[in-house]
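Here is how the chains run, residue by residue.
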Amino acid sequence: NAGVMQNPRHLVRRRGQEARLRCSPMKGHSHVYWYRQLPEEGLKFMVYLQKENIIDESGMPKERFSAEFPKEGPSILRIQQVVRGDSAAYFCASSPLRGIDEQYFGPGTRLTVT
Amino acid sequence: KQEVTQIPAALSVPEGENLVLNCSFTDSAIYNLQWFRQDPGKGLTSLLLIQSSQREQTSGRLNASLDKSSGRSTLYIAASQPGDSATYLCAAFNTGGFKTIFGAGTRLFVKA
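These protein sequence lines are chains E and R, in that order. If you're matching positions, the first sequence starts at 1 in my numbering and goes up one per residue. If you're matching positions, the second sequence starts at 1001 in my numbering and goes up one per residue.
Since the hints were made in silico from the structure, they are not lab data. Every clue listed holds true.
No more than 25 angstroms apart at the CA atoms, straight line, and that leaves these computed lysine to any residue pairs for SDA-like:
hint, chain 1, residue 1, chain 2, residue 2
1, R, 1042, E, 39
2, E, 44, R, 1067
3, R, 1042, E, 101
4, E, 27, R, 1051
5, E, 62, E, 37
6, R, 1068, R, 1046
Quick caveat: nothing in here was measured; it's all calculated off a predicted structure.
The task is simple: from the sequences and hints, build the whole structure.
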């Protein structure tokens, strides 16, 4: 059973471009969480999704950020018009149940905005 | 609002020493508490998960305890090794919500 997969592992974008981060949960997991880790800071919750539904997006910035988890395919975190402050490591985690069970983390995508 | 605090922020010990990492949380209404390890530039590796009904969990040289009434969890590492050097994170998942709240971590360095 492959673990949580994220791609790309490293992403460089110029200011104003769009960044798309992908997360494929573990097989059989239907719950996905996205977290952001700014340099020298802890992980901050961004959004929790189930298939085709956003359950809690209270940690997402109100503008430029969006997330989806379609019926088929990976979960996508999309950042429009990136700014330097978006440079961070973005992690996703999956669980079979909503956090009641263990969350399994992917290796992260490190976004650098130049 | 749940807040998770980890003490100390950094710790340096000689190899072979037993050590305790502390995690405190302000809201005792948690489903579970999870301890992770993060190596520099890498993702998170789950170490131990303690459900709210449990008092402790053990895996190898690691033992994690949970005291909901006092809002505390500890991670005990026995006979520390240089390979244990990493940042250790605790995270609380609350009832009635969907967020997992992370502490800022304890950066551990075990000297050979």
